[in-house]
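Enquirer: The listed protein sequences correspond, in order, to chains A and B. Count the first sequence with my numbering and you get residues 108 to 342, in order. Count the second sequence with my numbering and you get residues 108 to 342, in order.
Keep in mind that the hints were calculated from the coordinates and are not lab data. Everything numeric in this text was worked out from a predicted model, so none of it was measured. Treat the hints with care, as some may be off.
Copies of the same chain look alike in the list, so a pair counts if it fits in one copy or across any two.
Said to hold, decoys possible - Capping the alpha-carbon separation at 20 Å, the derived lysine to aspartate or glutamate pairs in EDC-like fashion look like this:
| id | residue 1 | residue 2 |
| --- | --- | --- |
| 1 | Lys-221 | Glu-325 |
| 2 | Lys-221 | Asp-195 |
| 3 | Lys-159 | Asp-128 |
| 4 | Lys-162 | Asp-128 |
| 5 | Lys-336 | Glu-201 |
| 6 | Lys-224 | Glu-314 |
| 7 | Lys-335 | Glu-316 |
| 8 | Lys-290 | Asp-334 |
| 9 | Lys-266 | Glu-181 |
| 10 | Lys-114 | Glu-314 |
| 11 | Lys-336 | Glu-316 |
| 12 | Lys-192 | Asp-283 |
| 13 | Lys-259 | Asp-167 |
| 14 | Lys-224 | Glu-316 |
| 15 | Lys-170 | Glu-182 |
| 16 | Lys-327 | Asp-167 |
| 17 | Lys-221 | Asp-302 |
| 18 | Lys-162 | Asp-294 |
| 19 | Lys-321 | Asp-294 |
| 20 | Lys-321 | Glu-220 |
| 21 | Lys-162 | Asp-332 |
| 22 | Lys-259 | Asp-294 |
Number of protein chains: 2
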Amino acid sequence: MTVSSAKLYLIPNLIGDTPIDSVLPASLSTLVSQISYFIVEDLRNSRRFLKKLNKDIVIDSLKFYELNQHTNLEEIYDYLDVCSKGMDIGLISEAGLPCIADPGNVIVRMAHEKGIKVVPIAGPSSIFMALMSSGLNGQNFAFNGYINIEPKLRIRQLKLLENKSLREGQSQIFMDTPYRNNKLFNDLLLNLNPDTYLCIASNISCENEFILTKKIAEWKKINIDLDKKPCIFII
Amino acid sequence: MTVSSAKLYLIPNLIGDTPIDSVLPASLSTLVSQISYFIVEDLRNSRRFLKKLNKDIVIDSLKFYELNQHTNLEEIYDYLDVCSKGMDIGLISEAGLPCIADPGNVIVRMAHEKGIKVVPIAGPSSIFMALMSSGLNGQNFAFNGYINIEPKLRIRQLKLLENKSLREGQSQIFMDTPYRNNKLFNDLLLNLNPDTYLCIASNISCENEFILTKKIAEWKKINIDLDKKPCIFII
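Only chain A is shown next, with the shape it has when bound in the complex (with noise of 0.2 Å):
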């Protein structure tokens, strides 16, 4: 058996306590149960996540292979070879899909160097599912991952983004630690031009989900409270 006849699948995972088939495709329940091995942003979230996915899978019959910002990169080097055994293997991250917003990209290069076939599955992400909902440009967008924490630094960035949305038209998405969001939006509200859209979308594809587009002049008309929320803005 050739290496090329196993398969890398990128299994996307819920966002939030979500029902499972109003995110995910009916298919992956059958996929995960003929998968042995993953690759996992978080161990235990993982091993929740295809338990509540197909209840008759067998949790410790599997191999986990841990895949997150701790993970030494000599570590992963061996995670494929399963592979080479014409075995499958899944990376499941620890929300949403694989490779967006996290550093699960490094085990796809490695694929794509071994010669292994790379299957994305569709799911949910907060990144799209905001875009898609802000009313804002979907024909040229940036993710620009977290925002700059450094209170001068912060200020800039952010209104570099604003010219880059004024002056490219390309809708830019960021995000920030959820303790930090109501010091973001503030942030927006005093440093962001009266007239610049500014979506918010939290809580994406959950009970409690709240996505809002406004001009920043109507945002300092609104009361909101982000904390600890799941949060995308894009402006």
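With chain A's structure known, arrange chain B on it following the hints.
Expert: Same frame as chain A, now just chain B:
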């Protein structure tokens, strides 16, 4: 009944001829059976899609409004009027997620202005499925839409995108009209640095899906025909 009780649902479509249950959430079939009004990018495509999603839907009982690049923006102003009567409405793009790489965002912007709740549904997107499968940076990326077709501007744009990718570490996603894909592939081989990584993803989520990331120097040794295949390019 207030305006805000009605919702604008952003309904994902298939990308190509894929089984429903491998890319769309199971609950979508029930959701669309409860909606009687749809704003669609392509009338024929949407009718066929809804019938495939739920064979019990009586297509002739539904009301469709068209929204695409040929639509006069004045026309769409009344599209959301049904929401003021408490009726939900669905937005369906020709392929994949509405408002991503299509002009649907104008109606979403209008929904925010009218106080209508916008609800995104998870589904397939060739852009994001290509990005997650590329092994390239998914923590900072930009989608640039269609590449310029004027020869000089085209080469300049490709070099600019390569420069951004190398200098800022921001993955650059772009596409071309499918019949020009082979030309774009050649332009990339001729003008980019041999060490630059290029991901080509075609026929995403379909039977003949092809996703590969290689350095430009390696791509030069590979024979591929991308003519008329839907493709996403990432550097």
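Enquirer: Next step is simple, just say for each hint if it's right about the structure.
Expert: Evaluation of the provided hints:
1. Lys-221 to Glu-325: between (52 Å within a copy, 14 Å between copies)
2. Lys-221 to Asp-195: Result: close within a single copy only, 14 Å intra versus 49 Å inter.
3. Lys-159 to Asp-128: both (11 Å within a copy, 18 Å between copies)
4. Lys-162 to Asp-128: both (14 Å within a copy, 19 Å between copies)
5. Lys-336 to Glu-201: For Lys-336 and Glu-201, the Cα distance is within 20 Å only inside one copy (16 Å; across copies 33 Å).
6. Lys-224 to Glu-314: between (36 Å within a copy, 13 Å between copies)
7. Lys-335 to Glu-316: within (14 Å within a copy, 39 Å between copies)
8. Lys-290 to Asp-334: This pair counts as within: shortest intra-copy Cα distance 9 Å, inter-copy 49 Å.
9. Lys-266 to Glu-181: For Lys-266 and Glu-181, neither the intra-copy (39 Å) nor the inter-copy (33 Å) Cα distance is at most 20 Å.
10. Lys-114 to Glu-314: For Lys-114 and Glu-314, only the inter-copy Cα distance (15 Å) is at most 20 Å; the intra-copy one is 35 Å.
11. Lys-336 to Glu-316: within (10 Å within a copy, 37 Å between copies)
12. Lys-192 to Asp-283: Answer is neither; intra-copy 42 Å and inter-copy 38 Å both fail.
13. Lys-259 to Asp-167: neither (49 Å within a copy, 59 Å between copies)
14. Lys-224 to Glu-316: between (36 Å within a copy, 10 Å between copies)
15. Lys-170 to Glu-182: within (15 Å within a copy, 57 Å between copies)
16. Lys-327 to Asp-167: neither (52 Å within a copy, 46 Å between copies)
17. Lys-221 to Asp-302: Classified as between; 18 Å across copies, 50 Å inside a copy.
18. Lys-162 to Asp-294: neither (45 Å within a copy, 50 Å between copies)
19. Lys-321 to Asp-294: within (16 Å within a copy, 41 Å between copies)
20. Lys-321 to Glu-220: For Lys-321 and Glu-220, only the inter-copy Cα distance (8 Å) is at most 20 Å; the intra-copy one is 45 Å.
21. Lys-162 to Asp-332: neither (37 Å within a copy, 43 Å between copies)
22. Lys-259 to Asp-294: within (11 Å within a copy, 41 Å between copies)
In the structure shown, a violation is registered for the earlier hints numbered 9, 12, 13, 16, 18, 21, in ascending order.
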